Amino acid sequence: MIVFDRVSKVYPDSSVALEEITLSIEPKEFVSIVGPSGAGKTTLLKLFLAEEHPTEGTVFYESVNIHSLDKKAINDFRRKVGMVFQDFRLLPNKTVYENIAFTMEAAGRTDEEIETDVPHVLELVDLSPKIWNFPRELSGGEKQRVAIARALVNEPDIIIADEPTGNLDPANTYDVVQILKKINDLGRTVILTTHNKGIIDSLHKRVVAMDRGKIVRDDKVGKYDE
Amino acid sequence: MTNKTEMFKVKLKRIIRTGFFNFWRNGTVSLASVLVMTVTLLVVGSLSFFNAILDTSLAELQNKIDINVTFVTTAEEADILNIKHSLESLPEVLLVTYTSREEALEAFKVRHASDQSILAALEELGENPLGATLNIKARDPSQYGSVAEFLEGDDTLSSGSVSIIDRINYFQNKTAIDRLTKIINSADTLGLALSAFLIIVSVLIAFNTIRLTIYIVREEISVMRLVGASTSYIQGPFIILGIIYGLTAAVVTLLAFLIITYCLGSIMGSFLPSFNLFSYYLRNFLEIAFIIIVSGTLVGTVSSLLAIRKYLKI
Chain A
1 MIVFDRVSKV YPDSSVALEE ITLSIEPKEF VSIVGPSGAG KTTLLKLFLA
51 EEHPTEGTVF YESVNIHSLD KKAINDFRRK VGMVFQDFRL LPNKTVYENI
101 AFTMEAAGRT DEEIETDVPH VLELVDLSPK IWNFPRELSG GEKQRVAIAR
151 ALVNEPDIII ADEPTGNLDP ANTYDVVQIL KKINDLGRTV ILTTHNKGII
201 DSLHKRVVAM DRGKIVRDDK VGKYDE
Chain B
227 MTNKTEMFKV KLKRIIRTGF FNFWRNGTVS LASVLVMTVT LLVVGSLSFF
277 NAILDTSLAE LQNKIDINVT FVTTAEEADI LNIKHSLESL PEVLLVTYTS
327 REEALEAFKV RHASDQSILA ALEELGENPL GATLNIKARD PSQYGSVAEF
377 LEGDDTLSSG SVSIIDRINY FQNKTAIDRL TKIINSADTL GLALSAFLII
427 VSVLIAFNTI RLTIYIVREE ISVMRLVGAS TSYIQGPFII LGIIYGLTAA
477 VVTLLAFLII TYCLGSIMGS FLPSFNLFSY YLRNFLEIAF IIIVSGTLVG
527 TVSSLLAIRK YLKI
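Taken in sequence, the protein lines are chains A and B.
Our numbering applies: residue 1 is where the first sequence begins, and numbers increase by one.
Our numbering applies: residue 227 is where the second sequence begins, and numbers increase by one.
This is chain A alone, in the form it adopts within the complex (with noise of 0.2 Å):
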């Protein structure tokens, strides 16, 4: 379960980010946190990785509190997320195999493990043709396929999509939110973040709407905008 205990985040020029939020997520959950640019959702996400640190309150990971975990804990815990981005984030020296590779590679799987799942999760995401492709021999929705598959080929617990789809044409939008549902199917706990208002509206899954950091609407089966 995640829990954010009243987070806030100042950032030193005295902006505010977030403000007193408390959420929370059970396990194999499907959630979408939407919102306008600056709402404070990707702020949420990078506090969640440890990327940042709260100003005040804190935030838990199965009532562990994350920032008070050394540099290889946080390591060990980014493990258990996977992580997706607008802008894919591929390592571009490396082949489609290879970026995957990397992430087994990290987490300290061998050669033999990697050799069979690589595959295997390239299958899973529609890609095995592209396996020895460089990333920019391949079309937005194919990177974003190959980020999913990097994000799901360590089986994370919880997979955080931030802004998936922003980047996509809508064939290869309605794909990713497909791959990411078969994902929760499967019982992982999906964070979204989006500004997609069909996605949304297609998902009948929880909605947490933001604005100015500040968690506005929170509804169990919720759609973009009331």
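Note that these hints are calculated values from the structure, not bench results.
All of these numbers come straight from a predicted model, not from anything done at the bench.
Treat each hint with caution, since some may be false.
As the list claims (entries may be wrong) - No more than 25 Å apart at the CA atoms, straight line, and that leaves these computed lysine-lysine pairs for DSS-like:
1. Lys46(A) - Lys205(A)
2. Lys197(A) - Lys46(A)
3. Lys408(B) - Lys72(A)
4. Lys205(A) - Lys181(A)
5. Lys71(A) - Lys400(B)
6. Lys536(B) - Lys46(A)
7. Lys335(B) - Lys71(A)
8. Lys237(B) - Lys80(A)
9. Lys181(A) - Lys130(A)
10. Lys220(A) - Lys205(A)
The hints should help you fit chain B onto chain A, whose structure is shown.
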């Protein structure tokens, strides 16, 4: 335990492999870095050659310093040879050469063979006006002072109460000898300071180049962090990359020196005949190669290590 060593080996293998891949796939960046490192190593190596040339030229100059003791024409040869022996027993003295009056006259005549008026004047005199000389070479230019003092103070130099020494050119050349001694000493110090300065500047340039290559991939480093890669796993390939830059640049430098010294060797022969740069390089190859390879690897590794630290804070 075996599992741990096994994992360490696998990790090391992956780090080295990734380092090589990064070197190969970022061809242009690698080329630029290797070239800059090569310039750094050329500076380091050139300083070693520069010092060798300086040392040889100074040694040649030092060889040219000597003292000439000219005796009065009435001095007995036996007395002069006595002095020669006692001079030779001094630890400061390297070599003493005796030139008799007759030899001095012969040499004088040969030197002025084309000057009829001098030869005619010599004829007019009837007798040999030249005294015998002792030419003294000391082991070190700073020791001429004490040799000259010895000659001044020694009783054996006089027959009766009259000194048999006509003149010692040390006192005439003292200023020149002192100045040369000073120049030699300050050339050594200056050479050292200049070397240190050039090495620092070129190392800083190499460091900055590597910093730029890591700056280019800072986004990737943050991605690696976010997929949970440990510090050593991210840092490792960059250190390997630094080592590859250093080693490649070292090999290029050593080859370049082979060509440079070969070409310079024949050109320099005309003004520094006793020193051949090419044979000096071949003779000291192992030592120079060691210095260059170690410098290259060290600069590459340390630069990578320092440059990447900034991006590992996430």
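Hints and how they fare:
Proximity of Lys46(A) to Lys205(A) is assessed by CA-CA distance (about 23 Å); at most 25 Å being required, the pair is judged to hold. Restraint check for Lys197(A) and Lys46(A): the C-alpha separation of about 23 Å stays at or below 25 Å, so the hint holds. Pair hint Lys408(B) plus Lys72(A) does not hold up; C-alpha atoms about 61 Å apart against a cutoff of 25 Å. Under the criterion of a C-alpha separation no larger than 25 Å, the hint pairing Lys205(A) with Lys181(A) is consistent with the structure, at around 10 Å.
As the CA atoms of Lys71(A) and Lys400(B) are separated by approximately 72 Å, the hinted pair breaks the 25 Å bound. About 19 Å separates the Cα atoms of Lys536(B) and Lys46(A), which keeps this hinted pair within 25 Å; it holds. For a cut-off of 25 Å, the pair hint linking Lys335(B) to Lys71(A) is broken: about 91 Å separates their Cα positions. At most 25 Å may separate the alpha-carbon atoms for a hinted pair to count; Lys237(B) and Lys80(A) meet this at roughly 20 Å.
The hinted pair formed by Lys181(A) and Lys130(A) meets the criterion: a straight-line CA distance of about 23 Å does not exceed 25 Å. At roughly 7 Å between alpha-carbon atoms, Lys220(A) and Lys205(A) fall within 25 Å of each other, so this suggested pair holds.
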